[in-house]
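Enquirer: Listed here are the chains, written in short residue letters.
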Amino acid sequence: MSTLSQQILSRASGRSAQPGDLITLTPDRVMLHDSIAPSVIRILKEQLGVTQLSNPDRVVVVIDHVAPAANLATAENQAALRKWVREQGIKNFFESGNGICHQLLIQEGLALPGEVVVGTDSHSTTYGAVGAFGTGMGSTDVAVCLAAGRTWMRVPEAIRVQVRGSFTEAGASNEHGVFELGPKDLALEIIRRLGAAGATYASIEIFGLDQLSIAGRMTIASMAVEAGAKAGLIWPGGLLDSPSWMQMPDRADYISEIEIDLAELQHRVARPGRVDDLVHVSEVQGLPIDVVYVGTCTNGRVEDLQTVARVLAGRKVATGTRLLVVPASAQVMQEVVEDGTAAALLSAGATFGPPGCGACIGRHMGVLAPGEVAVFTGNRNFTGRMGSPQAQIYLASPAVAAETAATGRLNAPSLAHSTPHLV
Amino acid sequence: MSTLWIFGDDVNTDQIVPGRFAPYMTSEAELRRFPFIEARPEFPELVQPGDVIVAGPNFGCGSSREYAAQALALCELGAILAPSFARIFYRNALNLGLPLIEVPAEELSPLRDRDPISLDLDSCELRHANGRIALRKPASFTREIWQAGGLIPYFQRTGHFPGEVAL
Ligand code: SF4
Numbered sequence: 270m271s272t273l274s275q276q277i278l279s280r281a282s283g284r285s286a287q288p289g290d291l292i293t294l295t296p297d298r299v300m301l302h303d304s305i306a307p308s309v310i311r312i313l314k315e316q317l318g319v320t321q322l323s324n325p326d327r328v329v330v331v332i333d334h335v336a337p338a339a340n341l342a343t344a345e346n347q348a349a350l351r352k353w354v355r356e357q358g359i360k361n362f363f364e365s366g367n368g369i370c371h372q373l374l375i376q377e378g379l380a381l382p383g384e385v386v387v388g389t390d391s392h393s394t395t396y397g398a399v400g401a402f403g404t405g406m407g408s409t410d411v412a413v414c415l416a417a418g419r420t421w422m423r424v425p426e427a428i429r430v431q432v433r434g435s436f437t438e439a440g441a442s443n444e445h446g447v448f449e450l451g452p453k454d455l456a457l458e459i460i461r462r463l464g465a466a467g468a469t470y471a472s473i474e475i476f477g478l479d480q481l482s483i484a485g486r487m488t489i490a491s492m493a494v495e496a497g498a499k500a501g502l503i504w505p506g507g508l509l510d511s512p513s514w515m516q517m518p519d520r521a522d523y524i525s526e527i528e529i530d531l532a533e534l535q536h537r538v539a540r541p542g543r544v545d546d547l548v549h550v551s552e553v554q555g556l557p558i559d560v561v562y563v564g565t566c567t568n569g570r571v572e573d574l575q576t577v578a579r580v581l582a583g584r585k586v587a588t589g590t591r592l593l594v595v596p597a598s599a600q601v602m603q604e605v606v607e608d609g610t611a612a613a614l615l616s617a618g619a620t621f622g623p624p625g626c627g628a629c630i631g632r633h634m635g636v637l638a639p640g641e642v643a644v645f646t647g648n649r650n651f652t653g654r655m656g657s658p659q660a661q662i663y664l665a666s667p668a669v670a671a672e673t674a675a676t677g678r679l680n681a682p683s684l685a686h687s688t689p690h691l692v
Numbered sequence: 729m730s731t732l733w734i735f736g737d738d739v740n741t742d743q744i745v746p747g748r749f750a751p752y753m754t755s756e757a758e759l760r761r762f763p764f765i766e767a768r769p770e771f772p773e774l775v776q777p778g779d780v781i782v783a784g785p786n787f788g789c790g791s792s793r794e795y796a797a798q799a800l801a802l803c804e805l806g807a808i809l810a811p812s813f814a815r816i817f818y819r820n821a822l823n824l825g826l827p828l829i830e831v832p833a834e835e836l837s838p839l840r841d842r843d844p845i846s847l848d849l850d851s852c853e854l855r856h857a858n859g860r861i862a863l864r865k866p867a868s869f870t871r872e873i874w875q876a877g878g879l880i881p882y883f884q885r886t887g888h889f890p891g892e893v894a895l
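One line per chain: the protein sequences are L and C, in this order.
With this note's numbering, letter number 357 in the first sequence gets 626, and the count goes up by one each step, no holes.
With this note's numbering, letter number 92 in the second sequence gets 820, and the count goes up by one each step, no holes.
Please note that the accuracy of each hint is not assured.
Claimed, not checked - EDC-like, lysine to aspartate or glutamate: derived pairs with alpha carbons at most 20 Å apart:
| no. | chain 1 | residue 1 | chain 2 | residue 2 |
| --- | --- | --- | --- | --- |
| 1 | C | K865 | L | D326 |
| 2 | L | K360 | L | E315 |
| 3 | C | K865 | C | D850 |
| 4 | L | K314 | C | D850 |
Claimed, not checked - Footprint (simulated), chain C over chain L, 3 or more residues, beta carbon under 8 Å:
| no. | region |
| --- | --- |
| 5 | 283–292 |
| 6 | 311–322 |
| 7 | 429–440 |
| 8 | 463–474 |
| 9 | 529–538 |
| 10 | 622–632 |
| 11 | 660–670 |
Said to hold, decoys possible - One-sided and incomplete, this derived list gives chain L residues near chain C with beta-carbon spacing under 10 Å:
| no. | residue |
| --- | --- |
| 12 | A412 |
| 13 | S511 |
| 14 | P541 |
Hints listed in this document are in silico derivations from the structure and should not be mistaken for laboratory results.
Note that the Cβ used here is the ideal one computed from N, Cα and C, for glycine as well.
Put together the whole structure using the sequences plus the hints.
Expert: Written as structure tokens, this is what we have:
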């Protein structure tokens, strides 16, 4: 059998899709968010002369990037977007506060195994968490896709990632005595192995994660684009029913393969500026940290927040450090309120932001000042991403973020740190 | 004669136009002022139509924000040359009619920042102080999209996408 990308794209395009082929297809969903939708609408109206979409049911619109609006420009853009959504009869519309686009599409069943989902956002690779071919596109591509009812793409080659072993139980250490390794550590390991451009023009297809939750799979699929990938597909086994036409691919169909043994994962962080500049936490341990930010489409889900509460284990956020927590969706928020996680985080001294993208792209609610150093559970640490270009962003897992918040310094959770505080 | 602008490896979309300067946050009319506003603040002021950017691999990595490519297209660059491009940026630039050309790193290595150059896309040649670089010929549909001025005029004129049989 051919790669997952080929299988999905063959079905969607109605022809045998071979790597390198240019194909045309109608995506199952087209996602637009508030940051890019205004330019898509402008292109539709001004350049393509489209006033009414022919298939609004395929369209999903989310207000998440600056939610709620931060200034007059964003407020006006959002008002215009709401009006357009009403005019077009788009039913899948998520207001500001519902959460981050990628979280919502999967949470609401709007991205399903075997589907093709395109979005105005590079982290649309997240839909690979449920075995959908999710890929990001720019405004012109999305506008033309909405106008023409189809889009074109080059069928990618694929890189195979074979995962072995399993993650340890929450709170337990692995055979090397390392605590709280999770999906983010695997995501970072994939980036470390492939490099920031290692999967450019290709898809990454990951096998061996049938035991992993959908939330954990989303963390990994969201970061596929950080290796340059067009899509990051996880074999939809375990908790998901894959469509009958989806078959386990042959290894020979891949241009390369990496194997990752989960027992060999380490606590690593990406140093400021480059997602693939990954170092063992011990190399930067003790660095004073101003802001710990837990959230985003990569690590803002219930199990991420639970991890933070578990590692904090009753400790307070260190003086001089701020802990910002931004749930990925209102549903996540509700669940962490109901299970007591939110109360634990609040009593540790965390500040909650409303569900959405928050300060991930440095537009509001937690923007970094010059000289500030942040530990961030998101997916990008580019210079200037979260505010000042003189701020520094370390990408980390929720567990490292939590230990850092508790100690005020970059630290990985360890037996030594957590035992005295265990409840 | 145009001028060459050299950039490093993995130039990302936050360097090209930081999210805070998105049209969404300010206004579309201001976009021309923002390319490399923090990474290289003199760029938006000094860049001239026809100038060429030469960069390391993976140019344009990161966000899908088309305004990054658009900000550079508004500068009326002659082309961007790099060993590889991030795929969404590549598509966005193509869609806007901004020529991106893949050139192996070793062929780009003699070039120096602010060198005078001249670029001829018809003969696929870049002439510089110490010689010339023969550029790889683009696919015919790529050239057609450049000539049309972007994907939309191309699509409106032909009624089809690249690789698609004309309807
Ligand atoms: S949380 Fe950050 S990475 Fe995710 S969609 Fe929002 S801005 Fe993009």
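Enquirer: Apply the coverage criterion to the region 283–292 of chain L and chain C: a residue qualifies when its Cβ sits closer than 8 Å to a Cβ of the chain, and three qualifying residues are needed.
Expert: This one holds; 3 residues, not fewer than the three required, reach chain C with a Cβ under 8 Å.
Enquirer: Within the region 429–440 of chain L, is the number of residues with a Cβ closer than 8 Å to a Cβ of chain C three or more?
Expert: Violated: only 0 residues of the region 429–440 of chain L have a Cβ under 8 Å from chain C.
Enquirer: Under a C-beta cut-off of less than 8 Å, do 3 or more residues of the region 311–322 of chain L approach chain C closely enough to confirm the stated coverage?
Expert: Since 4 is at least three, the answer is holds.
Enquirer: Using Cβ atoms only, decide whether S511(L) comes closer than 10 Å to chain C, and label the hint accordingly.
Expert: At about 26 Å, which exceeds the 10 Å cut-off, the nearest Cβ of chain C leaves the hint on S511(L) violated.
Enquirer: Would the hint on A412(L) stand, with a C-beta cut-off of 10 Å toward chain C?
Expert: 8 Å, holds
Enquirer: Counting residues of the region 660–670 of chain L whose CB is closer than 8 Å to a CB in chain C, do you get three or more?
Expert: violated (count 0)
Enquirer: Between the alpha carbons of K865(C) and D326(L), is the straight-line distance 20 Å or under?
Expert: 41 Å, violated
Enquirer: Against chain C, is P541(L) within 10 Å by beta-carbon distance?
Expert: This interface hint is violated because 12 Å lies over the 10 Å limit.
Enquirer: Tell me if chain C covers the region 622–632 of chain L under the three-residue, 8 Å CB rule, please?
Expert: Coverage by chain C holds here, the residue count being 3 at a Cβ distance below 8 Å.
Enquirer: Is the listed coverage of the region 463–474 of chain L by chain C valid when you require three or more residues with a beta carbon under 8 Å from a beta carbon of that chain?
Expert: Satisfied; 4 residues make the cut.
Enquirer: For the pair we were handed, K360(L) and E315(L), check the Cα-Cα distance against 20 Å.
Expert: 24 Å, violated
Enquirer: So is the region 529–538 of chain L in contact with chain C by the C-beta rule, three or more residues under 8 Å, or is the coverage claim wrong?
Expert: That given contact is violated, which follows from only 0 residues of the region 529–538 of chain L lying within Cβ reach (below 8 Å) of chain C.
Hints 1, 2, 4, 7, 9, 11, 13, 14 from the earlier list are contradicted by this structure; the remaining hints agree with it.
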